[in-house]
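**Q** These are the residues of each chain, in order.
2 protein chains.
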Amino acid sequence: MKSPICEMLGIEFPLLAFSHCRDVVAAVSRAGGFGVLGATIHTPETIEQELKWIDDHVDGKPYGLDVLIPENISTAGEKDVTWQSLETRIGPEHRDFTRDLLKKYNIDFKPVPVPANQPQPFDAQCALEVLEVSFSHPIRLIANALGVPPKAMIDMGRKHGVPVAALVGAKEHAIRQVAAGVDIIVAQGTEAGGHCGEVSTMVLVPEVIKAIKPIREVPVLAAGGIMTGRQMAACMAMGAAGAWTGSVWLATVESETSETFREKMIAASSRDAVRSKGRTGKPARQLRSVWTDAWDRGPDSPGALPMPLQSIISRDAFIAIDRAAAAGSAQARDLVSYFVGQGVGLIDSVKSARAVVQEFKQDFAEAVEHLDALVAT
Amino acid sequence: MKSPICEMLGIEFPLLAFSHCRDVVAAVSRAGGFGVLGATIHTPETIEQELKWIDDHVDGKPYGLDVLIPENISTAGEKDVTWQSLETRIGPEHRDFTRDLLKKYNIDFKPVPVPANQPQPFDAQCALEVLEVSFSHPIRLIANALGVPPKAMIDMGRKHGVPVAALVGAKEHAIRQVAAGVDIIVAQGTEAGGHCGEVSTMVLVPEVIKAIKPIREVPVLAAGGIMTGRQMAACMAMGAAGAWTGSVWLATVESETSETFREKMIAASSRDAVRSKGRTGKPARQLRSVWTDAWDRGPDSPGALPMPLQSIISRDAFIAIDRAAAAGSAQARDLVSYFVGQGVGLIDSVKSARAVVQEFKQDFAEAVEHLDALVAT
Chain A
-7 MKSPICEMLG
3 IEFPLLAFSH
13 CRDVVAAVSR
23 AGGFGVLGAT
33 IHTPETIEQE
43 LKWIDDHVDG
53 KPYGLDVLIP
63 ENISTAGEKD
73 VTWQSLETRI
83 GPEHRDFTRD
93 LLKKYNIDFK
103 PVPVPANQPQ
113 PFDAQCALEV
123 LEVSFSHPIR
133 LIANALGVPP
143 KAMIDMGRKH
153 GVPVAALVGA
163 KEHAIRQVAA
173 GVDIIVAQGT
183 EAGGHCGEVS
193 TMVLVPEVIK
203 AIKPIREVPV
213 LAAGGIMTGR
223 QMAACMAMGA
233 AGAWTGSVWL
243 ATVESETSET
253 FREKMIAASS
263 RDAVRSKGRT
273 GKPARQLRSV
283 WTDAWDRGPD
293 SPGALPMPLQ
303 SIISRDAFIA
313 IDRAAAAGSA
323 QARDLVSYFV
333 GQGVGLIDSV
343 KSARAVVQEF
353 KQDFAEAVEH
363 LDALVAT
Chain B
-7 MKSPICEMLG
3 IEFPLLAFSH
13 CRDVVAAVSR
23 AGGFGVLGAT
33 IHTPETIEQE
43 LKWIDDHVDG
53 KPYGLDVLIP
63 ENISTAGEKD
73 VTWQSLETRI
83 GPEHRDFTRD
93 LLKKYNIDFK
103 PVPVPANQPQ
113 PFDAQCALEV
123 LEVSFSHPIR
133 LIANALGVPP
143 KAMIDMGRKH
153 GVPVAALVGA
163 KEHAIRQVAA
173 GVDIIVAQGT
183 EAGGHCGEVS
193 TMVLVPEVIK
203 AIKPIREVPV
213 LAAGGIMTGR
223 QMAACMAMGA
233 AGAWTGSVWL
243 ATVESETSET
253 FREKMIAASS
263 RDAVRSKGRT
273 GKPARQLRSV
283 WTDAWDRGPD
293 SPGALPMPLQ
303 SIISRDAFIA
313 IDRAAAAGSA
323 QARDLVSYFV
333 GQGVGLIDSV
343 KSARAVVQEF
353 KQDFAEAVEH
363 LDALVAT
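Sequence order for the protein chains is A and B.
Be aware that the first sequence starts at -7, since it is given in our numbering, and climbs by one per residue.
Be aware that the second sequence starts at -7, since it is given in our numbering, and climbs by one per residue.
Careful, some of the hints might be misleading.
Note that identical chains are pooled: a pair holds if it fits in a single copy or bridges any two copies.
What the hints assert, rightly or not - Straight-line Cα separation of at most 27 angstroms, DSSO-like style, residue types lysine-lysine; simulated pairs: (1) 202 / 343; (2) 343 / 353; (3) 205 / 343; (4) -6 / 205; (5) 53 / 343; (6) 44 / 343; (7) 53 / 353; (8) 143 / 202; (9) 269 / 96; (10) 151 / 44; (11) 71 / 269; (12) 95 / 269.
If you are wondering where the hints come from, they were derived from the structure by calculation, not from laboratory data.
Start from the sequences and build out the full structure, keeping to the hints where you can.
**A** Take a look at the structure:
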C-alpha cells in the first residue's frame, strides 16, 4: 500500500500494534505490521534492555515507542515525586476497602515494596528520559497517550526526525494536538481498551478528519474496537490512514497476559469490557470483574482515587490477585482483570502475532473485494 | 446493488431512513433509499392518514413502518392501561421536580390533557392495531425496537409476506431475535440516537454477524453513528447488508425538528449526545441540555421513573419547553433536547432529504474507489 503513513513509517501495511510486550512488537513488525512498545512501566535502564532485545529480533523492520505522559494528573507541578512518597497519601479508607475486598476472596493484600528512588507512575520526567535513551535505537515513531505531549517530546521527535503521534478521544483534543505540532493523530473511540473517551470510533474518525483538515494535513489512524482486517478496511473507507490496535494482541501466544486472563477474554462478550476508574483513577476500559464492580458500584466503595494514586493501589492488589489466580484460586479468578476493549467480544482463540497480521491482510483484501462485487452488480 | 436485502425490500441502494416524519419517509424512498416511518405516537386512525399521504407522495416506491413494543415495561401484564390512569401513578416528587426545573427557566409547566381513551405510551396492543391497519397499504417492512417482537407481530409479517426487522444493541439480543423468527437484524451501536445499548457499531456489527451465522442466514443492517456514505461503506466492508439511519434525517428541510433544535444540532459535537434515562425512563441517546443534566446529575434529581411514566412527564414538559423556545425564550432554549446520536457532531447544515440520499450514494462510491486505489498501489 502506498500512502503517506506507510512512507512515514517505512511499512507497506498500515497496521500498528500497541503492546507492552517486546515479543509482540518484534513479531508484528517482522510480519509486515508496525509494533509499538508501551513503555509506561519502564525506566531508562529497563527500556535499554527491551529495545536491544527488539533490535536483535526485528530483522531490521521498523517499530516505535509509546509513552504515557498525562496532561492532567493530581501531582502536576510537584517535583521529585517518588512512588514511596505517594504511598503515604493513600488514606486508610482506600487501603482498608482494598484489603477487605481481597480478604473476602481469600487473598492476602500487602503493599509490595518499591525501590527508594522509583518514580511515580506516569512520571513525565522519567518518560522523557526513556525517550532520550530510545533514540539511540532505530525507532521510527514516538507516541503519547492522555493529552498533548510536552513540548520537549515534540522537540525530541523533530531533532531526531522521528514522527510524533498522539492519541485523542475527542475532536477538540485533536485540534489542540495538531496545533501543538503532532505529526500523526490516533483517533481512539470509546470502545478501546485502556484510557478512552466517550465517542465511538465510527463517529470519532470522520469527525476528527473533518475537524483537522482545515488546519494542517495530518494522517489520522483509527483506534478502538479494531480486531480484524475487515474493520481496518472499514476505518480506511472512512478516510483513516491506517489502524492502531491493542486488544487483539493480548490474545496472541507472544503476549504478556496470563492463562487465566486469556480464558476470560475468550469467554467474554463485548459488554464485559467496561469503562471504569477502578484501575488508574481515570476512565479506562477493562474486563469487568469483581474488582471493577466493587469500585464502580459497590455500596461501600470509597470511589477511585485520582491518578496516579489509584494505580499504586491497584498495582499492589493485582500482583496479589494474579499470583493467587495463577496458583489456582477460583476466587482470585473472579477478580482478575486487565485493560481490554469491547473488541474482546470478537476474540475466540489465541493465535501467533504473525498469524494475526496475516489474517488482517487477508481480511482487508476480502473486504475490498466484497465492496467491489457489490458496486459491480 | 444486487444483494439479498435489496431484493427483499425492492430497492437498489440499501440505505434505510428511520423518521417520525412522513415527508422524510416519502422523500428518501423517492430518491432511491428506503424510508421507515416511526409509528410510536400513532393510533390506528392517525396512521391511516399518514400512510395514505405517503402512498400519494412516494411514486410507488417501497417504504416501511417501525413500531416500539418494549419487551420490558413497568406496566407489563396489566390490561387496558390508559394514559390518564398512569398519570395518577406519578407522585408529587417527580411532578414538583419537573415544575421547579421549568419554573427556574421561566416556563409554566402543566400536564397537557389527553383524550379519555388514549392508550399508554408504547402500548403493545395499540401498536399491533396500527400494524394491522398498515397492511392495507403497500408497506414492505415492519420493524420493532426494544426487544423481541411479540409473536403476533411476527405472525402478521408472515401472513402478509412482509419481512420483520428488529433492533438489537447486543449479541445476546440478536441470538434471541433470530430464534424468534425475525427476518432482518438491525445491529444498533451505542452511538445511535434514541434507545441504545453500550456496544459500539464498530464492534457490534461484526460480533452480531458472527454470532447469528451458525443459526440462520439473516441480513444484518448496521446502525449507530452513520451519517455519510463513507460510513455506510465502512459498515458494509464489515459485512453489514446495508445501513439503518436516523439522526441524519433530523437535519433535513423535510424533518419535524424545530428551528431551535436544528441550530443546536449544527452547533453540537459528538460528545453533546448523551445516553440518559431522562426522557423515557430507559437509556436513550439525546442532545445534552439542562433537562438531561438535571435528571442525570442534578443534586436534587429524584431519578427517572420507569418507562412509560417518564415519557408522560417529559412529553408534558417538552410541549411547554418547545413552545417557549419557539416563542423566542433563550432560557427555554437551554432545555430544548431531542433524540439524536453521536453523529450529530458531523451535522453542519440542513439539506433536503433527496440531497442527503444523493450524497450517500456518491460518498459510498468514493469510499470504494479510495480503497481500490489503496490496494492497487
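**Q** The structure should be examined with respect to each hint, and the outcome stated for every one.
**A** Taking the hints in turn, this is what the structure says about them:
1. 202 / 343: This pair counts as between: shortest inter-copy Cα distance 18 angstroms, intra-copy 36 angstroms.
2. 343 / 353: within (15 angstroms within a copy, 39 angstroms between copies)
3. 205 / 343: Between copies, since 22 angstroms is at most 27 angstroms while 38 angstroms is not.
4. -6 / 205: Intra 21 angstroms, inter 35 angstroms, cutoff 27 angstroms: intra-copy only.
5. 53 / 343: within (21 angstroms within a copy, 49 angstroms between copies)
6. 44 / 343: So residue 44 and residue 343 pass the 27 angstroms test inside one copy only (25 angstroms; across, 57 angstroms).
7. 53 / 353: Close inside one copy (17 angstroms), not across copies (40 angstroms); limit 27 angstroms.
8. 143 / 202: Intra 25 angstroms, inter 45 angstroms, cutoff 27 angstroms: intra-copy only.
9. 269 / 96: within (21 angstroms within a copy, 34 angstroms between copies)
10. 151 / 44: The answer is within: 22 angstroms in one copy meets 27 angstroms, while 70 angstroms across copies does not.
11. 71 / 269: Classified as within: same-chain Cα gap 25 angstroms, cross-chain 44 angstroms, threshold 27 angstroms.
12. 95 / 269: within (21 angstroms within a copy, 36 angstroms between copies)
Hint violations for this structure: none, all hints satisfied.
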